[in-house]
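Sequence order for the protein chains is A and B.
Going left to right, the first sequence walks through residues 1 to 403 as my numbering numbers them.
Going left to right, the second sequence walks through residues 1 to 403 as my numbering numbers them.
One or more hints might be untrue.
Below, computed lysine to aspartate or glutamate pairings styled on DMTMM-like, alpha-carbon distance capped at 25 Å [as the list claims (entries may be wrong)]:
1. A:K362 to A:D380
2. B:K31 to A:D393
3. A:K164 to A:E262
4. B:K362 to A:D393
5. B:K31 to B:D9
6. A:K31 to A:D393
7. A:K164 to A:D350
8. B:K31 to A:E358
9. B:K362 to B:D393
10. B:K362 to B:D380
11. B:K31 to A:D344
12. B:K164 to B:E262
13. A:K31 to B:E358
14. A:K362 to B:D393
15. A:K164 to A:D218
16. A:K164 to A:E113
17. A:K362 to A:D344
18. B:K164 to B:D218
19. A:K31 to B:D357
20. B:K164 to B:E369
21. B:K164 to B:D357
22. B:K362 to B:D375
23. A:K31 to B:D316
24. A:K164 to A:D9
It should be emphasised that the hints constitute simulated quantities derived from the structure, not laboratory data.
Number of protein chains: 2
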Amino acid sequence: MPVYTGIADLPTLRGFQVGALDAGLYAHFGKPTRPDLTLIASAAPCAAAAVFTTNLVKAAPVLLDQARLAANPSGIRAVLINTASANACTGERGYANAVQSAAWTAAAFGCAEDQVLVMSTGVIGTQLPMPRMQQGIAQLPPQLGSTPNHWQAAAQAIMTTDTKPKLAHSTYNGAALIGIAKGAGMIAPNMATMLSVIATDAQIAPLLLQEMLSRAADQSFNRIVVDGDMSTNDTLLILANGTSGVLIDETNARHFEAALTELCTVLAQAIVRDGEGVTKFITLQISGARSAAEARQIGNAIATSPLVKTAFYGGDPNWGRILAAAGRSGIALDPTRLALWYNDLQLVADGTPLNYDEGRAKLHAQQAEVVVRLDLGAGDAESVIWTCDLSHDYVSINGHYRT
Amino acid sequence: MPVYTGIADLPTLRGFQVGALDAGLYAHFGKPTRPDLTLIASAAPCAAAAVFTTNLVKAAPVLLDQARLAANPSGIRAVLINTASANACTGERGYANAVQSAAWTAAAFGCAEDQVLVMSTGVIGTQLPMPRMQQGIAQLPPQLGSTPNHWQAAAQAIMTTDTKPKLAHSTYNGAALIGIAKGAGMIAPNMATMLSVIATDAQIAPLLLQEMLSRAADQSFNRIVVDGDMSTNDTLLILANGTSGVLIDETNARHFEAALTELCTVLAQAIVRDGEGVTKFITLQISGARSAAEARQIGNAIATSPLVKTAFYGGDPNWGRILAAAGRSGIALDPTRLALWYNDLQLVADGTPLNYDEGRAKLHAQQAEVVVRLDLGAGDAESVIWTCDLSHDYVSINGHYRT
Numbered sequence: 001m002p003v004y005t006g007i008a009d010l011p012t013l014r015g016f017q018v019g020a021l022d023a024g025l026y027a028h029f030g031k032p033t034r035p036d037l038t039l040i041a042s043a044a045p046c047a048a049a050a051v052f053t054t055n056l057v058k059a060a061p062v063l064l065d066q067a068r069l070a071a072n073p074s075g076i077r078a079v080l081i082n083t084a085s086a087n088a089c090t091g092e093r094g095y096a097n098a099v100q101s102a103a104w105t106a107a108a109f110g111c112a113e114d115q116v117l118v119m120s121t122g123v124i125g126t127q128l129p130m131p132r133m134q135q136g137i138a139q140l141p142p143q144l145g146s147t148p149n150h151w152q153a154a155a156q157a158i159m160t161t162d163t164k165p166k167l168a169h170s171t172y173n174g175a176a177l178i179g180i181a182k183g184a185g186m187i188a189p190n191m192a193t194m195l196s197v198i199a200t201d202a203q204i205a206p207l208l209l210q211e212m213l214s215r216a217a218d219q220s221f222n223r224i225v226v227d228g229d230m231s232t233n234d235t236l237l238i239l240a241n242g243t244s245g246v247l248i249d250e251t252n253a254r255h256f257e258a259a260l261t262e263l264c265t266v267l268a269q270a271i272v273r274d275g276e277g278v279t280k281f282i283t284l285q286i287s288g289a290r291s292a293a294e295a296r297q298i299g300n301a302i303a304t305s306p307l308v309k310t311a312f313y314g315g316d317p318n319w320g321r322i323l324a325a326a327g328r329s330g331i332a333l334d335p336t337r338l339a340l341w342y343n344d345l346q347l348v349a350d351g352t353p354l355n356y357d358e359g360r361a362k363l364h365a366q367q368a369e370v371v372v373r374l375d376l377g378a379g380d381a382e383s384v385i386w387t388c389d390l391s392h393d394y395v396s397i398n399g400h401y402r403t
Numbered sequence: 001m002p003v004y005t006g007i008a009d010l011p012t013l014r015g016f017q018v019g020a021l022d023a024g025l026y027a028h029f030g031k032p033t034r035p036d037l038t039l040i041a042s043a044a045p046c047a048a049a050a051v052f053t054t055n056l057v058k059a060a061p062v063l064l065d066q067a068r069l070a071a072n073p074s075g076i077r078a079v080l081i082n083t084a085s086a087n088a089c090t091g092e093r094g095y096a097n098a099v100q101s102a103a104w105t106a107a108a109f110g111c112a113e114d115q116v117l118v119m120s121t122g123v124i125g126t127q128l129p130m131p132r133m134q135q136g137i138a139q140l141p142p143q144l145g146s147t148p149n150h151w152q153a154a155a156q157a158i159m160t161t162d163t164k165p166k167l168a169h170s171t172y173n174g175a176a177l178i179g180i181a182k183g184a185g186m187i188a189p190n191m192a193t194m195l196s197v198i199a200t201d202a203q204i205a206p207l208l209l210q211e212m213l214s215r216a217a218d219q220s221f222n223r224i225v226v227d228g229d230m231s232t233n234d235t236l237l238i239l240a241n242g243t244s245g246v247l248i249d250e251t252n253a254r255h256f257e258a259a260l261t262e263l264c265t266v267l268a269q270a271i272v273r274d275g276e277g278v279t280k281f282i283t284l285q286i287s288g289a290r291s292a293a294e295a296r297q298i299g300n301a302i303a304t305s306p307l308v309k310t311a312f313y314g315g316d317p318n319w320g321r322i323l324a325a326a327g328r329s330g331i332a333l334d335p336t337r338l339a340l341w342y343n344d345l346q347l348v349a350d351g352t353p354l355n356y357d358e359g360r361a362k363l364h365a366q367q368a369e370v371v372v373r374l375d376l377g378a379g380d381a382e383s384v385i386w387t388c389d390l391s392h393d394y395v396s397i398n399g400h401y402r403t
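Generate coordinates for the entire structure from the input sequences, incorporating the hints supplied.
Encoded structure:
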């Protein structure tokens, strides 16, 4: 089940309709106008599962969705997504606004309130502009459709500082999957939140769906690091409406999960590639660890080091910073057993530099995509993290995002 | 015992001599020439204590100094400091080079090898240029002196990406203290390592000296965050040669320790103010915590957040990012009890924004020095972290530091 990106050859996804429009949410905050309100809706009730931010400061839509999914995991019909305001740190009023937005969506689309989920991304601490939300939601139903262009419009309308829409699709045995996602800062994942919705017309029980999604997220979205911040709003949601009649159960779940994992991986990597100010895509392979968890913690320490990330930006094969970041990761390691490669060029063995060709090392470090492998020489476990550099543009984007 | 910075009114510090010169270490690596080798020496053996990096990847000089201080805490006579190469990740050869440098220093200055400590800062993974080290060390003795200009020269010769020398001094009851330090990246503390040497002519037993230094470091150098990286080389060393005859013991240690702590605080804050690309000095006060350790962990999460630091750079009072960073710190907190101030202007109460004046908030955020207070509403404990913004210049400096 290969995964494709973009809308070319988009499979038919039965029973789902999507639509987006400019509800004037950005305009309300004095910013240039753009599509900012999206609806993904299913004719049939969906089994639904989700993975949310572990940040203790959770946005109102996250709290509402968690409650609704717990109460009604088999009956979701619609998800409303707005940009411009994250509806986070907005107190009881913010929660009431999330509930109200869902109620308006239910009325406009024709389903029950508890069948609607909501997602928000944008600035923390701003209340949703409710009159504009109400008006925009009422105008959404006529926008709904299921063509490739409708999915493309949805992928575009959920963007914030993203520069490209992120859309991927796959099929399994007659069932289809379409996923959209947005980044682009606060990934590891904070603001300009990670949001992703995957829709499938396969028929899957909610518990199995949750198990598959959690494992897929762990192999994909949870392995990307842009800046090490973690959003108040991060949400990965899957809706399965069963309309294809293709049943996924223990006999074939493994295959479906493989397709789901690959789709999540493609979307997750697309978020890194389009991270704020990103000029380089770095695959960090941490091998020779005592456990995958330890490998991952070391990978995260490296991927969040400003010194490492600025060296990536400069195309400087500054492996010393990578070893230093590993050394402060909190994981026990033997510095004299470390080995390091840029792509296939080994720079370090036994914790000390080899007599490598600096010009060749620089050529590797200056490529747009670099695989950096650090071997700890301590065991057989390994982990992969996908990350990026820290550029002047990251500082420009985030120094002035809000004001 | 007020602490003064710079060389004006530098007290007489008996029995110490310092000197610096250009040994061509930078030139060896093809960089512009500058003073790069410094000696601080005492006529009498010193009680010595130190605090070193907790990074598991420790530079050769750190390993050597740890061994020498353990074996000979009352007999240190000299410390040799070089820039241009950190002598980290250099294996057995690097360790042998540190030993050899100390041996040459002992021969040149006229003391025993085990009375010499060494410190290095600069690029990780490069071996010391030993012929130049040998020649430079041999030329150091004629440079030694104890005038303010000699101390100023030492403070300048240990700089790497620092833009200003850092020198502070104080007196206690007839004894003097002079401290020098360098930053400027990898502070929390990685490369362009934090190094600091404090010399005093007070007479102090090594154990008491170590206790006082450890506590002083915990209140000063361990509370600064530039980029969250931690060096392979960080070292804070104090030498007490007793030449003043002023005895510090349990009867007056409290007073001496207060002066030492203030001196360390002044040097630590100077490192942040001169951090790589720094345009703003931020005092983070985390109050209302259940414990000081929890307050500190939350402060560190905020101080290392690229999104928070770029907002500081932009002069944007983007408190949402601060709350989000606190929420992912790993410390349990109740988001609905959070309160936040920029200087004396409260922006957040009960986890939600007050109806504050955005223009006033921005004026506060755009000052060169800002006090940000986050109250957790959970207890009576508090902690302070001194940190800075993340600017375009930080990226420029670290994107191209090495190449």
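If you check each hint against the structure, which ones fail? The structure breaks hints 1, 2, 5, 7, 10, 11, 16 and 21; every other hint is satisfied.
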